[in-house]
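**Q** Chain residues, written in single-letter form:
Number of protein chains: 8
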Amino acid sequence: MLEVLDQVRAGALSPADAVDRLSDLPYAEVAHAVGSTMIDHHRELRTGVPEIVFGGGKTAEQIAAALRELARRAGGAIATRIDPAKADALRALVPDLAFHELARLAWLGAPGPRPAAAPIAVVCAGTSDLPVAEEAALVAEFLGAEVVRVHDVGVAGVHRLLARLDAIRAASVVIAVAGMEAALPSVLAGLIDRPLVAVPTSVGYGVSLDGLVALGAMLASCAPGITAVNIDNGVGAAVAAVRIARLAAGR
Amino acid sequence: MLEVLDQVRAGALSPADAVDRLSDLPYAEVAHAVGSTMIDHHRELRTGVPEIVFGGGKTAEQIAAALRELARRAGGAIATRIDPAKADALRALVPDLAFHELARLAWLGAPGPRPAAAPIAVVCAGTSDLPVAEEAALVAEFLGAEVVRVHDVGVAGVHRLLARLDAIRAASVVIAVAGMEAALPSVLAGLIDRPLVAVPTSVGYGVSLDGLVALGAMLASCAPGITAVNIDNGVGAAVAAVRIARLAAGR
Amino acid sequence: MLEVLDQVRAGALSPADAVDRLSDLPYAEVAHAVGSTMIDHHRELRTGVPEIVFGGGKTAEQIAAALRELARRAGGAIATRIDPAKADALRALVPDLAFHELARLAWLGAPGPRPAAAPIAVVCAGTSDLPVAEEAALVAEFLGAEVVRVHDVGVAGVHRLLARLDAIRAASVVIAVAGMEAALPSVLAGLIDRPLVAVPTSVGYGVSLDGLVALGAMLASCAPGITAVNIDNGVGAAVAAVRIARLAAGR
Amino acid sequence: MLEVLDQVRAGALSPADAVDRLSDLPYAEVAHAVGSTMIDHHRELRTGVPEIVFGGGKTAEQIAAALRELARRAGGAIATRIDPAKADALRALVPDLAFHELARLAWLGAPGPRPAAAPIAVVCAGTSDLPVAEEAALVAEFLGAEVVRVHDVGVAGVHRLLARLDAIRAASVVIAVAGMEAALPSVLAGLIDRPLVAVPTSVGYGVSLDGLVALGAMLASCAPGITAVNIDNGVGAAVAAVRIARLAAGR
Amino acid sequence: MLEVLDQVRAGALSPADAVDRLSDLPYAEVAHAVGSTMIDHHRELRTGVPEIVFGGGKTAEQIAAALRELARRAGGAIATRIDPAKADALRALVPDLAFHELARLAWLGAPGPRPAAAPIAVVCAGTSDLPVAEEAALVAEFLGAEVVRVHDVGVAGVHRLLARLDAIRAASVVIAVAGMEAALPSVLAGLIDRPLVAVPTSVGYGVSLDGLVALGAMLASCAPGITAVNIDNGVGAAVAAVRIARLAAGR
Amino acid sequence: MLEVLDQVRAGALSPADAVDRLSDLPYAEVAHAVGSTMIDHHRELRTGVPEIVFGGGKTAEQIAAALRELARRAGGAIATRIDPAKADALRALVPDLAFHELARLAWLGAPGPRPAAAPIAVVCAGTSDLPVAEEAALVAEFLGAEVVRVHDVGVAGVHRLLARLDAIRAASVVIAVAGMEAALPSVLAGLIDRPLVAVPTSVGYGVSLDGLVALGAMLASCAPGITAVNIDNGVGAAVAAVRIARLAAGR
Amino acid sequence: MLEVLDQVRAGALSPADAVDRLSDLPYAEVAHAVGSTMIDHHRELRTGVPEIVFGGGKTAEQIAAALRELARRAGGAIATRIDPAKADALRALVPDLAFHELARLAWLGAPGPRPAAAPIAVVCAGTSDLPVAEEAALVAEFLGAEVVRVHDVGVAGVHRLLARLDAIRAASVVIAVAGMEAALPSVLAGLIDRPLVAVPTSVGYGVSLDGLVALGAMLASCAPGITAVNIDNGVGAAVAAVRIARLAAGR
Amino acid sequence: MLEVLDQVRAGALSPADAVDRLSDLPYAEVAHAVGSTMIDHHRELRTGVPEIVFGGGKTAEQIAAALRELARRAGGAIATRIDPAKADALRALVPDLAFHELARLAWLGAPGPRPAAAPIAVVCAGTSDLPVAEEAALVAEFLGAEVVRVHDVGVAGVHRLLARLDAIRAASVVIAVAGMEAALPSVLAGLIDRPLVAVPTSVGYGVSLDGLVALGAMLASCAPGITAVNIDNGVGAAVAAVRIARLAAGR
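Just so you know, the protein sequences line up as chains L, F, P, U, X, S, G and D, in that order. Start counting the first sequence at 1; every next residue gets the next number (the working numbering). Start counting the second sequence at 1; every next residue gets the next number (the working numbering). Start counting the third sequence at 1; every next residue gets the next number (the working numbering). Start counting the fourth sequence at 1; every next residue gets the next number (the working numbering). Start counting the fifth sequence at 1; every next residue gets the next number (the working numbering). Start counting the sixth sequence at 1; every next residue gets the next number (the working numbering). Start counting the seventh sequence at 1; every next residue gets the next number (the working numbering). Start counting the eighth sequence at 1; every next residue gets the next number (the working numbering).
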């Protein structure tokens, strides 16, 4: 931006033209069209986090193109919600793609260095909640944070949770993933003094309403200090936790 | 019914007339119209529990008439959902009426002897849940059960609950009342081996949805063995618990 | 726990170390990790009911590992929500597995002796509700209760229900399973004096909303004493009924 | 309409003008503006039922004007959803207005003769459902039908209902009004061979959802032949039943 | 029943035994267990309509057994919600089964004579609503009514509807089937004086909510006299309309 | 903005300082804080429509301050959702305020000249929908459009609507306001070739769900070309219609 | 219609017969039954837009017949919601059919000349929203409008949107398509003075509720002037926008 | 706890008695019953945040007792959801109570020193959202954080937001409060790299659904890193933000 203004000062650009240039600039210099997808390379500068490709509702071709363009610039790129069939199609297009079946994640290349981040605990209530917990853990690691996994600590046996409290308290921020044991974040929030990001999962049936009741229970809880992300949104929880963990690391 | 059949045997009644008499009998001998309200005096015989007058949506006149008719036959009668204004109107009609403001209950006379029942624990999560918990406790006492009250044992401080476990375990059946701390029954169910009746309350705001989320969370919980009643339904929980407590008393 | 305290008394353990030991103890001595699943062998001690593996959202490998670990300790183990494809995969892993297709249950081994329990009636409204009713009946039997099955007694022909009342009244507790005939528990509750656990099913279409309306109708009913479990939750109804039936057997 | 065409034939009106006249005619000759309200005097010709003024959301002035215009033409007119305060305001404007507080109905004048109609049974589950039942009964009577009232026959004591079956079966069509006893129409539909119009009421609390669950339960019932109207819609049920009762009377 | 009472009179049966016999009688003499399905042969006597087998959620074996038992007694039987795959399975079990693919109906044999019924109009808004409309029409014909089909008369072109009014008015009762054109019953109800049964369909997307909005719009309409059945419930509409049409035929 | 750039060119401002100035400029020169409310005087430049004060949830003091600041700059200003009590409080603060009780609008001063706009028809289904229709009409007039009001043309008597078609077709854009007659826009859209903005109202009860069903019915309709605004949102419909009407006037 | 009246004038038709003829005429002369589907050839005359075949819930045979009949009369015809399997079946029936896979559109022939229309901008938030955006764009082009496509301008990077404002402002009306970036229309509406039609998409998961939350957010936004169509309803947005664009072109 | 163990070591307490003492200890030493309310003085030790009294659903007496007990121990105490009437009742009981009407907060005394915390930005979209924003800001200050207030920066004029970005970016964590401008957090999250806690408000009408749509829109947004709290839950947002801000301050 300064460059444009220097040109104005130097008389190489009229003020009127500069107005036009300035309004286009932030995007024009960074966007590279990949088919009809625009890749926003400035996003990491603005938000600290690169674009993560949401694979749901995109074709393998669209995902492959986006991953390649992101990896070309940044070293590594990651896509979420990749089911096994789409993973196969992707690997046919991008042979050096890596895939994590449980977490439904695909990635390409290795990311460059990230800002320092304090450790994050990913606490998971039940075995059926593991895919979402692992999505959160892997994305947090992709963003440069160290992750402690604490699994199968539901509240139906609250002792299981109490027995793992030390490991949880050692982290600077906690991600709690639960569906049928949606009480987990409420109980946990009363036992720790760290930020707690709750991730409801769509595990369950009947009145679970595909995770809506778990989400509601987490938000309605009287244990203050819990914040929540969308159902099954391991990525969102990871990004939020990493932003906090970087602050805790003195960034 | 035997009486009708005896008359048939004695020839005092033709079989055809008996058919008509029999189909009317179960109701005709016990129903006394009070205005347009029919009082079902046989209900206690059939179900073990007398009619309890639901005061919501009824006028003071209708409630007074029903209470008087029930008390005349059974010694004592009880009405629920009586707000202070309706209580005043009721007392003008029935001077010897008693009223419990917190529990919104009115009663007339004293019930006769009830079947034996084992003790019931009424566990209440927060101060705002007390009206429902007290409705449950008083109705259970009206039905002849001994009640242990355990208050303010929410899960935001799970130690408060653990500290009272002995008192809770001493009961034969547990009623757990909670709104914003809807996790309470889930945690409790993993700690006791008694039947547990959960009562969601409409305490809360926003995503609480007037208790719907608390109800959903209780039912969706993976802690098996929890059963639930309608939101704020202290009466229903009391009746269910008393039926169980009578079984436990060897009835 | 006494053992730890004895060591403190004997001076073999410092009070500070005992604090650490004690907080870990309840879980550490009983939990055996099976992959990322923790098996809670103490659950039956605390709650009277062993862990029942919820098969929904778990892989065949996860289910097989959990069943094996539970059966190794307790003699027998059971898993729910097993569809035929998953049953085939399970049997490939655990050849001596038994499978009940209608009830979607798999089990391994035979449970040891259970506490005495009074008889339970499982009342089922329609043919389409049978899978849930059978899940409830088989789990109750697995937990040691005797079960009386009363099928196809919907309210569209209320005489069918009246004709079976004696069989129902002979049980100490009643499980009523219904979807499109959600009125069944309301009618039944007015005819018996036993605890009644209602199980809504997801049978139906349109406004049935996958069982939500049946559940709501059961809870909103003015027949007091009905309690309900989640939609299609035969397991939860069985556990609740067995807890009651054990009380009724004088436990 | 014939009149316009006769004018065309006679040359008194050009075909082009007739096109314009004809499109305006059906409404122009019958509509009399009352403020901004249009009174549709042809409605009874088309539908067999005159306009009934819905009082909700209208001012006393608007209701008074509509009642006066309707009564002027047809002899009598009726308005619904009139609470006591609005009734007072109406009576100040229209001194000879009659008012039924329980049913929230106001009427003016007496209707002329109506087509013959067979008897209608209005069956009401609970005392709290009476306002809606009485709205249905009074509107049916206003439309010329004879009404049999059968009150307080909920399913919590199914014998109460069975005892009144003869009275119900004597009618040609049945209106069943219920809120917390929403099972009533389902049970009734299995016992009679007459058309049955179910009216859910907003009586209840919690999961009743202001009548939505009662409506859903009535529509989801597997007892075929039940039709339903909107929650608390006594008027709609009356109009539907009267249309049927007129057919049954040989109209 | 008279028979039992005659035995009492004759001394062949004690009154006490008669009480037992009588309570079992209404069902015992007519129910024939078909596997776990009870066939209620008395239903047609009580309700004027035989049991119609709801095929959803039943196995081909269960449906075949029920159809055979019903047809054996009554000459003909009908099952609904039969998709092509289930139809194939059924035909393998019951070779002489007939199947209507669009209406998803299967039937066996021919029904005996039915009571007289006046003609019924089945009015269908869009092509996509035809399966439900045809289910209604065929079931009405199975029950002995004459049906007039009026198709594709949506309100997006209200002239199409006006042009068919005479055909519609010639019927004694009208079934209106609509999904995306849910306004059809509202418009129609203002143009006819016959009973009108509205059937919402699940046709549509987005805010259609699988037919819930169509149902709501039909019930919320200010055109009085519309009654509705469950979404896609052609059978229920047919039964309701036939009950009315029999009354109109002077039954 | 050009001014800032001219200063850079003239050397009066360093490029770095200009960057800061520029990012603040668009807002700083036009925003005047009124307490904690920011008035966005540039909005009319950007969007063609000035800020309209939404009175819901604001105090009389906040509304008065906003109206005064807007009127000071633009000549006239308008506030919506003003109930009579708030209107009284407002008039005490702003004596020259005008108030329209039915439409719940308050305004101050007179707006300056507006761009030309073609006529708009506001079509209203029922008397109870008038407040919303009048809010739309008055706001459209405030924004400089001519409005034709067509009232009480519900679909329960479709002839009423057909009779007014010429008046409606004479407008360039149509606003259709309806609650219990939510079919109105669907029917109308099939009869005209103009843009049609549907406004659902919260008039109704039961399944109306405070307007949600009317909104859903309007959007789910198969009559293409209907667009909708929020329930009771007369203002939004007016702004949308005026934008269209200005285009139609050749702007 | 004039023709009929001329016959009356000439005495060739009696007034009474003319009444009958007239009521049938608008539809009879234009409707051609295609199986049970009625094709409304007058629709374009009345509404400016021909019938567009909604392919959802129709068989390939029904769609083929409707397309052929429409194309025979009008030169070109179009069908929506055609998935690849249905497209294959259609092409087997109609070999010269064209198909656009992304937009799920099939068309036959080429439409005749359309009225002039100003340019329309179709703004699309994310790659996953493209199918709906392209449906809107292609239908608008089929109806004769010029379309400017602006893709991938979500609000997560608001600069991307600002950079394309000039292209958007050059259109006379804007269609904004968004699912997970439902904020797009709110932001856009504050930046332009053109009519804006918002199309929510069903892209997303969890609380997205298949597009319901995006729709709600668009309608609840305080940015006045936004109107919305049903979720994923590209066709409806196109028709609405074309009606506006024709007005803007001076029609 | 060490004290108990020391007694065991010293032989002053038997191990068996110690088991009993230990299970009671965590609660017994800190809980002081205030009527039926238990005050959990250990909460600040465990969670870093003292108990904040939720005033909704509590009587003035209950609130006063809780505030007095908390302030007696901790120096200062705070209660939320205090409407003006309840504030008057409270001041009659606790004369030295302070009250903030807009934020509906009451407090007593002054809190002691808190841990250091980095600055928090409270960003508020509209004037009607101020009560919730101010509740968040005051509670954060009560907990020892410095707060920067940024008001009236809705997205309908996105420049207003861009102009305040520097102030927002200067904070370590951002609370964004919005109802009708629920797009605010989505837009903001794409512009900053700090943790962002979104607070939906119940401001709005119609499809706003009392804040549910705002909440849904915030959670469904594709801008990763947003976390949310319950509708109108300023307290919860403050507690979450303070936990983060303390980490950022190096705690």
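Hints in this document: simulated from the structure, not taken from any laboratory. Incorrect hints may have been included.
Claimed, not checked - Cut-off 25 Å, straight-line C-alpha distance, at most; resulting in silico cross-link-like pairs (PhoX-like, lysine-lysine):
1. F:K86 with U:K86
2. P:K86 with L:K86
3. F:K86 with D:K86
4. G:K86 with X:K86
5. P:K86 with X:K86
6. S:K86 with U:K86
7. G:K86 with L:K86
8. S:K86 with D:K86
All figures in this text were calculated on a predicted structure; none of them were measured in a lab.
**Q** Of the hints given before, which are not true for this structure?
**A** Per hint list: zero violations.
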